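Asker: In case you want the letters, here they are:
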Amino acid sequence: MGGWAIAVHGGAGVDPNLPPQRQEEAKQLLARCLNLGISSLHSNASAIDVVELVVRELETDPLFNSGRGSALTENGTVEMEASIMDGPKRRCGAVSGLTTVKNPISLARLVMDKSPHSYLAFSGAEDFARLQGVEVVENEYFITPENVGMLKLAKEANTILFDYRIPTNGYDTCGAGVESPVKMNGLPISVYAPETVGCVVVDKEGRCAAATSTGGLMNKMTGRIGDSPLIGAGTYACELCGVSCTGEGEAIIRGTLAREVAAVMEYKGLGLQEAVDFVIKNRLDEGFAGLIAVSNKGEVAYGFNCNGMFRGCATEDGFMEVGIWE
Amino acid sequence: MGWAIAVHGGAGDISRSLPHDRRQPREEAIRHCLQIGVEALQSNSPPLDVVELVVRELENIPHFNAGRGSVLTSEGTVEMEASIMDGNTMRCGAVSGLTTVVNAVSLARLVMEKTPHIYLAFDGAEQFAREQGVEIVDSSHFITPENVERLKLAKEANRVQIDYNAQPIQNDTKKEKPCANGDSQIGTVGCVAVDSNGNLASATSTGGLVNKMAGRIGDTPVIGAGTYANELCAVSATGKGESIIRGTVARDVAALMEFKGLSLKEAADCVVHERTPKGTVGLIAVSAAGEVVMSFNTTGMFRGCATEDGYSEVAIWSDAQVE
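Residue numbers (the UniProt record's numbering), protein chains in the order written: chain A, 1 to 326; chain B, 1 to 323.
Chain A on its own, in the form it takes in the complex (with noise of 0.2 Å):
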């Protein structure tokens, strides 16, 4: 045990229908994700260094749904969050409501760093933004054709399926013509398309950290916030461990996801693996979501209770592992 461990995430709840081709790309940028984590490493970078290089690769990388690449609000703009945290004394940092930083978890952690604050948001954090002097690009520059055509099925796809706002999981799907029954926040998996990003890193000192990164969800309402930027939900970090979720955002707040992971081996005694797989087992009900984390000791876990989840994850002792489905 001992030794560094990293492991990055590119969204839960995966379209059962996806191309081929889509997954070799995706699989490709979490191994490229990984091996720029892993020689940061090997330089002895610490691990609350590690996790932000590695989210803004992942960020500026159109692919998943984070900085470029972002889904798009019912307005068709893009409003990004991040957060991120560090083990050691649990500092944190979170902003949410971005159109212009390039970088939002970079962002987050000038909000740790720089800021007497631990969240900042919309123009407030844009204001800090440009104070502090980060990349700022037009909103233009996060819109990507392709979530344009996505943003066009899900409002089609909300007019055809509901006829009242709040949506229903699981597979009561009343008959109409979709052909893949997965459904995530009351969309077909198809336009769904969740793909929050997030990596947690042990390093070699044994400290922990945390860092997600998201758009949010399709077609979601202006302003509205989900799960990343809350410190406990999305990310969470200690002296015991790293966490960082993706899927249903309201499922994953619901149940404080990331520091329930902490808390199962803090007060219950549970070891990495056990935390996660009770956690995905117990706290989820009927919302869909997953999780990777780091332990103190060295140790890698994830877990999903969807069908797939983009991860990839390594170990000092040379593990390495990229992967989709089950």
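Hints were generated in silico from the structure; no laboratory data involved.
All of these numbers come straight from a predicted model, not from anything done at the bench.
Beta carbons are placed, not taken as given, at the ideal position from N, Cα and C, and that holds for glycine.
Heads up, a few of these hints could be off.
Restricting the straight-line Cα-Cα distance to at most 25 Å, the calculated cross-link-like pairs of lysine to aspartate or glutamate (DMTMM-like) are [claimed, not checked]:
(1) B/Lys114 / A/Glu286
(2) A/Lys89 / B/Asp269
(3) A/Lys155 / B/Asp123
(4) A/Lys268 / B/Glu274
(5) B/Lys152 / A/Asp127
(6) A/Lys102 / A/Asp49
(7) A/Lys268 / B/Asp269
(8) A/Lys155 / B/Glu113
(9) B/Lys114 / A/Asp285
(10) A/Lys89 / B/Glu274
(11) A/Lys281 / B/Glu231
(12) A/Lys268 / B/Glu258
(13) B/Lys114 / B/Glu131
(14) A/Lys152 / A/Glu140
(15) B/Lys114 / A/Glu156
(16) B/Lys260 / A/Glu239
(17) B/Lys260 / A/Glu274
(18) A/Lys27 / A/Glu146
(19) A/Lys204 / A/Glu57
(20) B/Lys260 / A/Asp285
(21) A/Lys155 / B/Glu131
(22) A/Lys102 / B/Asp123
(23) B/Lys114 / B/Glu126
(24) B/Lys278 / A/Asp113
(25) B/Lys114 / A/Glu74
(26) B/Lys155 / A/Glu126
(27) A/Lys281 / A/Glu299
(28) A/Lys268 / B/Glu266
(29) B/Lys260 / B/Glu291
(30) A/Lys152 / B/Asp123
(31) A/Lys297 / A/Glu274
(32) B/Lys260 / A/Asp277
(33) A/Lys297 / A/Asp277
(34) B/Lys265 / B/Asp319
(35) A/Lys114 / B/Glu156
(36) B/Lys155 / B/Asp13
Residues of chain B clear of chain A, computed beta-carbon distances all greater than 10 Å [what the hints assert, rightly or not]:
(37) Gly2
(38) Thr100
(39) Pro145
(40) Lys278
Please build the complex by placing chain B on the supplied structure of chain A, with the hints as guidance.
Answerer: For chain B alone, kept in the frame of chain A given last:
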């Protein structure tokens, strides 16, 4: 078993020499809000309705840092936030960055009940408020002379700080603020309730931190930090937002009960006295069994509680009970 309710008007460095005219109206207000909650529970209102009702009342009273009477941002504006949670279903709602909505806690409840989301903020939340037809007013309604003065003092303290060292503002700035009249750290209002069937609910509301950066979100709207309810207990926290977030305070009380089998009081005391820095946190909590606890590691916390068996208490410090 039986119903129980607790109310708070903020934990902080409340000086024991707080002048009578600053103390008495707040005690009265706590007593009044407690009574409203008690009567609602006695008429069998569901706890979710009770906590919303009581927090609305606290928001409307200008003596507390929520709704009218909210502290001001560094720009002299108000940005209000709130959250509410139902223990049985674990449904929750939260709002941040409100500037015109009279009752933030009610908007949080509407987010929970009328949208597929849990949390709406800033312009999006204000827009939703208008769609829902909730009561809105000009922002000036929320601003009190007391808070204008508080902001002025806070800015002066910061200016002194900056004069003495050229460092940018770091995380410990807020410890340096002088407590001019002993209550510049007052934060947040909240209510937790349980009925005789063990149904639990919690709600918290605030204007946030004096002189906060525009856009700053604290613990109050973060489920698991400032507010939490499940089948075991309901918790509402107050104090230094950043510490409450980091400590996932409200969730931790419930987690200690569930995973370590602690009683409500043991769990609350553990979180407040062993797991968060002194001078940062207070909380109120009720359990499904009808117990109530009010715990704080600050100088004081404006609070009150009552249980069905006739017990009732309104207090500020730990030994000065008012009834």
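Asker: Quick check: which numbered hints come out false for this structure?
Answerer: none
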